[in-house]
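Kindly produce the complete structure, drawing on both the sequences and the hints.
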Amino acid sequence: MKKNKGYSLVEMLIVIAIMAILGGLTFISLGIMRDARRQAAANNFNNLISSCLIKTKAVTNPTPPPSSVKGDVAMVITQRSDGKYTVRIGYLSGGNVYKITDDVTAQVLDSEVGADCDAVFPKEVEGLQFIAQGADDSTAADVTNAVITFDKSDGRVTSGAGKYQFMTSKFGNLQPYATITLDETTGNHSVK
1440 MKKNKGYSLV
1450 EMLIVIAIMA
1460 ILGGLTFISL
1470 GIMRDARRQA
1480 AANNFNNLIS
1490 SCLIKTKAVT
1500 NPTPPPSSVK
1510 GDVAMVITQR
1520 SDGKYTVRIG
1530 YLSGGNVYKI
1540 TDDVTAQVLD
1550 SEVGADCDAV
1560 FPKEVEGLQF
1570 IAQGADDSTA
1580 ADVTNAVITF
1590 DKSDGRVTSG
1600 AGKYQFMTSK
1610 FGNLQPYATI
1620 TLDETTGNHS
1630 VK
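Heads up: the sequence shown begins at 1440 in the working numbering, then just goes up one per residue.
No lab work stands behind these hints: they were computed from the structure.
No experiment lies behind these values; they were computed from the predicted model shown.
Do not take every clue at face value.
Stated by the list, open to error - Quick list of in silico lysine to any residue cross-link-like pairs, SDA-like style, CA-CA up to 20 Å: (1) K1523 x A1585; (2) K1602 x D1555; (3) K1538 x V1498; (4) K1609 x P1561; (5) K1609 x A1558; (6) K1631 x K1538; (7) K1523 x K1591; (8) K1591 x S1489.
Encoded structure:
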């Protein structure tokens, strides 16, 4: 009968090397997934700006039911109590955002409830800053509640023109990883 002498040093080193390679690949994959979620949030924000412009031009009657609620189509960006950012598109009236609908009653959209929002950005979006059009980057301010509106006739931006910087933490400091520029006169926007 053959005696079991255990593992040799070479076998142990091979197993450790394989585990280190697999651990490194996992770490890299997680980083790639985080970056993809961050970029998807910026692209989604850009698409929502387009959606808001389209809804502004498409809505024939800018007064949602009930008639006591009067407002313009707007895109409202809010930072929730848990730190995540939400985007709602609807009628903005009296500080509330109402769902665009033909119903007799107007439903207030709640920024704290994910189902009421057009988008809830993932935790990888650690900050969102706004720089007004024509201002320099040193005037960047954290977004806690921002509104974007368009003129129905020509599509120019009536509120919220400028740069929106999506921030992430790098070595303890927030740094922009994507910037969406919204031009006031044309309503054009792009992700950089």
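We went through each hint and held it up to the structure:
{"no.": "1", "hint": "K1523 x A1585", "verdict": "holds, 14 Å"}
{"no.": "2", "hint": "K1602 x D1555", "verdict": "violated, 26 Å"}
{"no.": "3", "hint": "K1538 x V1498", "verdict": "holds, 12 Å"}
{"no.": "4", "hint": "K1609 x P1561", "verdict": "holds, 17 Å"}
{"no.": "5", "hint": "K1609 x A1558", "verdict": "violated, 25 Å"}
{"no.": "6", "hint": "K1631 x K1538", "verdict": "violated, 30 Å"}
{"no.": "7", "hint": "K1523 x K1591", "verdict": "violated, 30 Å"}
{"no.": "8", "hint": "K1591 x S1489", "verdict": "holds, 13 Å"}
Violated hints, in rising order: 2, 5, 6, 7; the structure is consistent with all others.
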